[in-house]
Amino acid sequence: MTNEANDHLWNFNLSHAGEVLQYTEYPENGGHYDWHIDCGHNMQAQRKISITVQLNDDYDGGE
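Residue numbers (the numbering used here): 335 to 397.
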């Protein structure tokens, strides 16, 4: 999914993204990341793409 989206939308060179895939699953009763920056101390550690997939049922809020 990530490669297909990149090919159609941004065409970033992901061969040197400097980071492996990160997967996070939040518990039913909440969970979140606190304030953070998606890059490391050098350009090789820069995160190029972040994708969010919501698999939960209908909920109130947002658009």
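Where hints are given, some of them may not hold.
The following label-pair restraints were derived from C-beta to C-beta distances [unchecked claim]:
1) Thr386 <-> Asn363: 28 to 34 Å
2) Gly364 <-> Ile385: 18 to 24 Å
3) Glu359 <-> Gly395: 38 to 44 Å
4) Asp391 <-> Asn347: 20 to 26 Å
5) Phe346 <-> Asp392: 30 to 36 Å
Derived by calculation from the structure, the hints in this document are not laboratory data. Even for Gly, the Cβ is constructed at its ideal location relative to N, Cα and C.
Structure-based check of all given hints:
Separation of threonine 386 from asparagine 363 is about 19 Å and departs from the stated range, judged on CB atoms against 28 to 34 Å. Separated by about 21 Å at the C-beta atoms, glycine 364 and isoleucine 385 satisfy the suggested range of 18 to 24 Å. Take glutamate 359 and glycine 395: their Cβ atoms lie about 20 Å apart, and the range 38 to 44 Å is violated. As the Cβ distance of aspartate 391 to asparagine 347 is approximately 37 Å, the hint placing it in 20 to 26 Å is violated.
Checking the proposed 30 to 36 Å range against phenylalanine 346 and aspartate 392 shows it holds: the Cβ atoms sit about 33 Å from each other.
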